[in-house]
Amino acid sequence: MSLDFDSARMPNPNLREEHHEWRTQLRRFIDSEIIPYAEDWDEAGHIPIELWPKAAAVGLLGLGYPEQYGGISEGIDSWHSWIANEELARIGVGGIPASLMVHGIGLPPVLNWGSDELKERIAPPVLAGEKHIALGITEPGGGSDVAQLATTAVRDGDHYVVNGSKTFITGGMRANWVSTAVRTGGEGAGGVSMLLIPTDAEGFSRTQLDRKQGWWASDTATLYFDDVRVPVENLIGEENQGFLVIMTNFNGERMAMAAAMEALGRVCLEEAVEWARERKTFGKRLADHQVIRHKIAQMKQRLNATQAYIRVCFETIEAGNPNPGDIALLKVQASETMEFCAREAMQILGGIGYMRGSRVERIYREVRVNAIGGGSEEIMRDLATRQYGV
Amino acid sequence: MKVLVAVKRVVDYNVKVRAKADGSDVDLNNVKMAINPFCEIAVEEAVRLKEAGTATEVIAVSIGDKACQEQIRTALALGADRGIQVETESNVEPLVVAKLLKGVVDKEQPQLVILGKQSIDGDNNQTGQMLGALANMPQGTFASEVVVDGDKLNVTREVDGGLQTVSLNLPAVVTTDLRLNEPRYASLPNIMKAKKKQLDVYSPADLGVEVTSHLTQVSVEPPAERQAGIKVEDVDQLVDKLKNEAKVIS
Ligand SMILES: Cc1cc2nc3c(=O)[nH]c(=O)nc-3n(C[C@H](O)[C@H](O)[C@H](O)COP(=O)(O)OP(=O)(O)OC[C@H]3O[C@@H](n4cnc5c(N)ncnc54)[C@H](O)[C@@H]3O)c2cc1C
Ligand SMILES: Cc1cc2nc3c(=O)[nH]c(=O)nc-3n(C[C@H](O)[C@H](O)[C@H](O)COP(=O)(O)OP(=O)(O)OC[C@H]3O[C@@H](n4cnc5c(N)ncnc54)[C@H](O)[C@@H]3O)c2cc1C
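From first to last, the protein sequence lines are chains V and A. If you use the working numbering, the first sequence corresponds to residues 1 to 390, in order. If you use the working numbering, the second sequence corresponds to residues 1 to 250, in order.
By construction, these hints were calculated from the structure, which means they are not laboratory data. Don't take each hint at face value.
With a Cα cut of at most 30 Å, we get these calculated DSS-like pairs of lysine-lysine [as the list claims (entries may be wrong)]:
1. Lys195/A to Lys300/V
2. Lys50/A to Lys20/A
3. Lys284/V to Lys16/A
4. Lys54/V to Lys231/A
5. Lys54/V to Lys50/A
6. Lys280/V to Lys16/A
7. Lys300/V to Lys32/A
8. Lys196/A to Lys54/V
9. Lys66/A to Lys231/A
10. Lys131/V to Lys119/V
11. Lys2/A to Lys231/A
12. Lys50/A to Lys152/A
13. Lys300/V to Lys16/A
14. Lys20/A to Lys284/V
15. Lys280/V to Lys231/A
16. Lys195/A to Lys32/A
17. Lys152/A to Lys54/V
18. Lys212/V to Lys119/V
19. Lys54/V to Lys32/A
20. Lys54/V to Lys20/A
21. Lys119/V to Lys193/A
22. Lys193/A to Lys66/A
23. Lys131/V to Lys193/A
24. Lys66/A to Lys32/A
Computed Cβ-Cβ distance ranges for the label pairs, DEER-style [claimed, not checked]:
25. Arg179/A to Ile49/V: 49 to 57 Å
26. Tyr13/A to Asn12/V: 43 to 51 Å
27. Glu67/V to Ser144/A: 22 to 30 Å
28. Arg179/A to Asn12/V: 20 to 28 Å
Remember, it's a predicted structure, so these values are computed and weren't measured experimentally. Glycine is no exception: its CB is placed at the ideal position from the N, C-alpha and C atoms.
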């Protein structure tokens, strides 16, 4: 093939031998353990619980986390993570990485801000794939305006008493713990804390959100807290400092999402090019019609730009001086690129692209969750201009 | 029991290779390279022997320029204990490889040497057999099952008529066929650990071997392109074409 998932990836001089090896081995894992079943899992609406320990064994779950908790951090850098996100995106079933890797947003608050006792209790079983954690920020009353969240946690002796609800929580049905944003103080950002809530606590209940546009393989839940008593030891970071915990968590999530979105766009390119080289209309290959050639070129052009932007952001992270404004806009760059590639690939596939069972059809349905979740495009632009001091 | 495994760097089996414009060779520019699939099966078999407690040490050896250290590292990530590179300049022919491997065998004294039955680039299918002869070791080629039985090795071979089992005295040489096992994938921790495993580099002179050449590659060209098929109108036309064009029936 002339332009495929691999050849459409521009060279990255930061990659060393072990990065390429990681890609090779991870791809083998995904090709044998995930891809043959991916579509069935998506239709069934969940992935089997056995996948987590397998993903732990190959090194996916522990990637980048401290060795002392069962993670793999020695010699590991952003390039390993980029590769993992690309390869998981290549499956073309967004619900699988969303659910399998949800500890990527649920666990960092605990590891970055939690007490040693909390880290030792929570991180090892999560990184081994034996227990599950989720992140609960969004509420039925709103997601973008985190500072206005309404779930309350009132101190009562050595417990907090939690009341309220969270919704759109990825992995929420399966989670043993939820890193939850709660209001412990007054109004606004200064009254928010992060609390690790165990889902076996009395007064906790949950329901599965019904029928999503995409991400079918990923469970998404609404959580209810009805006088749930949570020990104060489960506080993550300091009381009323939760907003900082939430905001620092977002950079990692946005980088992971951007890396995945670019790769999903690349899957669309691969499928479209393969089809355009085979399909004939009006006596020649689709790929020989100038209109189609331009579509392919425009997809590649935007993918190139996004790849380069991702690389620069990872380089700043590696150098220890990331710019949250740039990362926020990268997320927009990536979702717009994914959206464009999904659209153009669907056009090139024509009627067949409309049928269920192809990666492009699924990716097309999964554009919006990427453009809205983890910080919507509007909110990202707003955040960036504030960061830039405009 | 010490096991020596030979691994070769070849073009990844997913890659559709192209001939160079001047027809001198296959174009290896910017092509993904990998461990030869049959060699990977050899590594897997050795690692399984180690996991079963039969093998005590697994050594992966590759012959080639510095780049082949990547394939040795892959073998180390898959579970080999240490690596040896015999540094040679370019592609060496099977007889020289066999002589160099014999040199490594003399140095390391393994009880078992496992190789792929062939590599997917040259498809020579010679090295294992030549090594057996040079090292004066019995050989079980095209293995689909390997069972250690005391100081003997029972090797089930895939031969034209079916399966044949031979019993070899150790030390012995085995070459792997496709159905011997299904190689594992390496985990990230093992990839990282492999970076720290010992990898020794020898020159052919260290092993007392002179690199010679008896073969010259004359030209490389792609296979002729197949003509597109046609749809026949009816059975009569099919029979006519089979008779008069393909001449497969009379
Ligand atoms: C499948 C899925 C999984 C999810 N998983 C999780 C999870 O695991 N954990 C979690 O906490 N959340 C999760 N979310 C929630 C997600 O983070 C929110 O949907 C997102 O933050 C947007 O919030 P909202 O849906 O309440 O929209 P709203 O905040 O109501 O926004 C609606 C629209 O208005 C725009 N808007 C809002 N404010 C402004 C403004 N000031 N200026 C301009 N435009 C504005 C937004 O951009 C958006 O387009 C998930 C969502 C989905 C769909
Ligand atoms: C749900 C559904 C219902 C349908 N119902 C009916 C129906 O009831 N009856 C019926 O007859 N058909 C029906 N169709 C088929 C539909 O009309 C075709 O899908 C449509 O005409 C496109 O044809 P195609 O899918 O073969 O794509 P192609 O013709 O293969 O085209 C693929 C892509 O290439 C582009 N392209 C083609 N030629 C050129 C060119 N020369 N220059 C530039 N671009 C070009 C097209 O715009 C398209 O984007 C249906 C399709 C769907 C998905």
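Hint by hint, work out which the structure violates, then give me just those numbers in ascending order.
Hint check: 1, 2, 4, 9, 11, 17, 18, 20, 25, 26, 27, 28 fail, others pass.
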